[in-house]
Structure formats: structure tokens, C-alpha cells
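Enquirer: Using the sequences and the hints given, assemble the complete structure.
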Amino acid sequence: MAPSEYLETDDLTILLGLITASIFLLHSLYRPLSLVHPILLGRQSDVARVRMPGESAVHRNYTTGLMGRFTIRPAREVMTLLDFIKPESDAPRSLWSTKISNAQLAERIKSLGTGLCLAGLTRESNVLLLMNDGIEFLITELALASHSIPSLTLASPSLLSPVLEAHPPTAVIVDGSFLSHALELIYDLNESGHHFVVVVGEADKTVLSHASERLKIVHWTDIEAQGKEAVPITGPTPGPDDIFTVSFYRDADDQVQAAHLTHQNITAGVTAIRALLPPNVPLSALDTVISAHSLSTAFGRTIAYTALYDGTSFATLESSKVFKLSPENSEDPIADMKSTQLLGLPPATVYFLQPTHMEAVVNAIVSSAKKSLLFPLAWRHKVSGIIEGYITRESLWDRLVFDDARGSVLGEAAPSTRAVIVSGGPVAAKLLTPARVAFSVPLVIAHTHPLVSGPVLASHPHDLQTFAITSDQEPAHVGPPTVNIEVKLVGVDDGAVEKGGDPAGVLHVRGPIVGRVLTLSDNPEEDEAPKNDEPWVSTGDQARVQTNGVFKAWSRTKA
1 MAPSEYLETD
11 DLTILLGLIT
21 ASIFLLHSLY
31 RPLSLVHPIL
41 LGRQSDVARV
51 RMPGESAVHR
61 NYTTGLMGRF
71 TIRPAREVMT
81 LLDFIKPESD
91 APRSLWSTKI
101 SNAQLAERIK
111 SLGTGLCLAG
121 LTRESNVLLL
131 MNDGIEFLIT
141 ELALASHSIP
151 SLTLASPSLL
161 SPVLEAHPPT
171 AVIVDGSFLS
181 HALELIYDLN
191 ESGHHFVVVV
201 GEADKTVLSH
211 ASERLKIVHW
221 TDIEAQGKEA
231 VPITGPTPGP
241 DDIFTVSFYR
251 DADDQVQAAH
261 LTHQNITAGV
271 TAIRALLPPN
281 VPLSALDTVI
291 SAHSLSTAFG
301 RTIAYTALYD
311 GTSFATLESS
321 KVFKLSPENS
331 EDPIADMKST
341 QLLGLPPATV
351 YFLQPTHMEA
361 VVNAIVSSAK
371 KSLLFPLAWR
381 HKVSGIIEGY
391 ITRESLWDRL
401 VFDDARGSVL
411 GEAAPSTRAV
421 IVSGGPVAAK
431 LLTPARVAFS
441 VPLVIAHTHP
451 LVSGPVLASH
461 PHDLQTFAIT
471 SDQEPAHVGP
481 PTVNIEVKLV
491 GVDDGAVEKG
501 GDPAGVLHVR
511 GPIVGRVLTL
521 SDNPEEDEAP
531 KNDEPWVSTG
541 DQARVQTNGV
551 FKAWSRTKA
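Quick note: the sequence shown uses full-length UniProt numbering, first residue 1, plus one each step.
One or more of the hints may lead you astray.
[What the hints assert, rightly or not] Between beta-carbon pairs, the in silico distance windows are: (1) S97 with K324: 17 to 25 Å; (2) A335 with Q104: 27 to 35 Å; (3) E412 with H219: 33 to 41 Å; (4) Q104 with P346: 14 to 22 Å; (5) L286 with I39: 43 to 51 Å; (6) E498 with W536: 44 to 52 Å; (7) T63 with I233: 38 to 46 Å.
By construction, these hints were calculated from the structure, which means they are not laboratory data.
Values in this document were obtained by computation on a predicted structure and should not be read as measured data.
We put the CB at the ideal spot given by N, CA and C, even for glycine.
Expert: What follows is the structure, encoded as C-alpha cells:
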């Protein structure tokens, strides 16, 4: 056969060749690029070149660098909590069930602050807040802060008795449903003559009648109304380093600790939380932030002030209520997430969830999606995209399979959700891929601590890497340090590290988002810590740092 005959082709061969080339080009040109360059995910921490014996090297967020200055406020003019309310922003937004503008909010804060001063509070006073989450909590704390009156908050009702005994407050502001329990403890400790009690919301009339014979009882609304009618009282201007609150919690050894938080701790915390979201889609007045973290905790409060600063609508879930006489342990996490839809808020766009909420929602979405005959094919294509480093809710498989599944679980928030941040406990590594498919939005896994106003560690919102999982109990990594904190591990096995092993030890932190911790026996009104020599603080949590600069952490702190 002549050589030229080998080159002869028919029309079918040419057609198949063109089809093959076209498919290859379409696959190459229309395949989305990775959301973040792999090199950035390979080095997420900036690591000091030296380390002390028994310790790991100091780690910082790579975007901050070891020589970079920490950001301590979201904007130059934000010095204290009161600066979160931007006077130039007049668009109303919803805080829980109340639609309110910044001007109206500032007026209510001024009225309540005046009313509290008329009731007898001074800068030497301190006020115990036994309030569940709501707009009244924010107004109260900002009113106290405007007059430099520190507040005391509890992460758990079990802390009430030891705190009342060690640090009797000048006044107690209590939720009406929790009033009878609070009064019993006050009577038992013979503190009736040292307090006046402010009641928020409705309370049992019989309890109020008996209590008024032994205590000065006033209603929160009456104090606000009295302050509105009076000449405004201006308090001393607080400074960034002033302590505005003391947050009590139990550590891993069941000891009651007091976290002293300054205005700067919270402004720095807001900066850290805003950095969790992709920079191309920051929070705006069009967003609705829903949080599962109580305002009685440092982290939960910082989330609220972030929403306040960015002008977003905001609410917390029912499960975030701390002061309940009979808390239900069998609450349905999905029903809990839908509870805010009854408040008249715009649909949620950004969720700050607990791991229990995430697990329940992911399992429910995947179970609902499995009812579709196209689920195996859709799942394979979504996972393939994750392996390539991108995720989207706009694909054909979302429209055919996952959109309906999300709608059946999340309701009206399904199409509007654009980011999910999960913290408050370990997240199983095996849940990450199902969660990325189920949500198909930026997903951040964070590690928090009661002493720290912002997240200590947090994963990159576009980190879609998958790793081998050795056991069902293996926790997911919680990323590198956030933008304004530095961390190190203490109690590290030097021999294992010298052999190339990953450092593991007790997590220590330092930075502007870290409050000062004292034991219950210390005076929460005194702060003699040196200002120029910021100490390292142990969180008591175990952690391991991997070669790409991300951490795995195991919290030992109790509520």
C-alpha cells in the first residue's frame, strides 16, 4: 500500500475529529478557574524563623505578616462602641422585630442613659445584665457605655450565684421571665438592700408585687420614657482602653473567669469578623445577619456590633437565649434557624452558626436532594468542581436538584444565603464536602474563645481543599490566625518537631482582640495590667499546626 493511502480520510473521520477538538476546547475554555490561587492556600500563616524550646514558632495571618501592624478598628473614626452607629447612615434596618434607623437608635440610647443616671447610676456603678438577646440588650449596653458604666454579663445562668456573691452589682437588669429565679438568689445572699432591679418585658404580677416590698423595682420602658422627657445627661467620653464590660465564663478546669473587654477589643473584633467574608462581597445594608451566638458572650456581641456598623439587619436564634428557666435540650436546629423568619426580617444572607445547626442543615439538604433521580450525577459534578477549587449555586445541577432541597430546609433564606460561618465547637472533617455541596457558598470554620472578641482561627472562605480522613472523629481544620492576632503552641515535643512532625500543644494568643482575664476573686473594676508589654494568654485549648499554616484545635472551655 502506498504511503499516501494511509493519510486518506473520509467525512466521518473528519467530523469526529472536529467534535473531539470542539469538546476539548469547550471544556478548557468554560471550566471556571479556582476561586483562590493554590499557592495562597499552601502558606496561610506567616511563621517566625525561630522558636523557643518547648514552643512552636509564632504564627500570624499571612496577609498581616510578622512585621505588619494589627488593625484595631474598621475605620479611623471608630474609637469606641458608640462610633459603630454611623450618623450619616439614615436608612432604617431591622434589629430583631424592630425597624429602626441609626438616628432613632442613638436617640433611644441617649434616653435610656439619661434615665439610668436619674435612677442613681454613676461611673462608680456596675450593672449586671441578665437579659436575653434583643434590641433592648444593645440599647442598654450602649447607654451604659456612653456614661462609662461597666456592665457584667454571664455566659451561663449557673454563674449567677457565684458572681452575685463575689461582686454584688449596683443594679440588675433582668428579663421578666427570669425575674423570679434572680430574686431568689438575691434574697438568699441577703443582697436586697444593695440592688435596684430593672425588669425588661413582661413579668409575673404576683412576683413583682412581693418583690417591690423588699427591693426597688422599676421597668425598663419606664426608665427610657423618663429619660426621654428629661434634660439629656451627658456622661464622660469613654476612651478606647476603657473597660466597658466584664464577661464571666467557666474555663476548662471549671473555674469562673472574668474576661475584661475594652472598647478597643470590640473594635478590633469587628475588624476580624469583617475579614472573614470575601473582600469582593463585604457586608452592606442589603444583608441580614443571623447569629446563633448569645450577646452575653464576647464573640456574639462582636457579631452584633459588626451588623450595627455595616447597617445590616440582625437577629439571633431562639437557642441563643441564656436566661431560660427550663432550657430544652431537644431543640430542632432547623426549626431554630427558621425562628427568625417570624420577626419580619428580610431573608437571611449571612449565618453565624453552631456546629449542631450546620450538621442538621447539611444532612437535611442532602437527604432531600437524594430524592431526585439525578442526585448521583449532580453530586459527582458538584464534587468535581470542589476538587478543581470552585463552587457555585448557579450550575445546572443546582437548578435541577439542590435548589429545591435547600428551599425545603431553609425556606425563604435558601436563595439569599451567601456566606456561612461556623464556630462554637469542633466540626467533623467528613462533613466538609457535604456542607460545601449543600450550601455552595463561602463556608468558614472558625475557632473562638470566651476571652477573645473575634475569631482566634478561621479558615479561608474559598478554601475547598480536601484531605484524607483517618477517622470519623477527625475534626476539620480551623484555618490560620485571623488578621489581628498572633498565636503559638506551648508544651510542644521538640524531638518530634525536629524530626519534621507537626507542632502540637496548648494554644496561646496575643493581640488587640484578646481581653484581660482575671479569676472570680479579683476585682473586675481594677485593671493594673501593663499597657506596653502585652502578655501571652493561654486559652487552655489543645491545637496542632500543619505545614500549610492552618490549625486544628480542640476546645476545652466550658460555658
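Enquirer: All hints are to be evaluated individually against the structure, with a verdict given for each.
Expert: To see whether the hints hold, each was checked on the structure:
At roughly 19 Å, the beta carbons of S97 and K324 sit within the given window of 17 to 25 Å. A hinted range of 27 to 35 Å holds for the C-beta pair A335 and Q104, which are about 32 Å apart. Between E412 and H219 the CB atoms are about 35 Å apart, so this pair conforms to the stated range of 33 to 41 Å. Take Q104 and P346: their Cβ atoms lie about 18 Å apart, and the range 14 to 22 Å holds.
Checked against the hint of 43 to 51 Å, the pair L286 and I39 fails, with Cβ atoms roughly 33 Å apart. The beta-carbon spacing between E498 and W536, approximately 23 Å, falls outside the hinted interval of 44 to 52 Å. The given range of 38 to 46 Å is respected by T63 and I233, whose C-beta atoms sit roughly 44 Å from each other.
Against the hints set out earlier in the document, violations occur for numbers 5 and 6.
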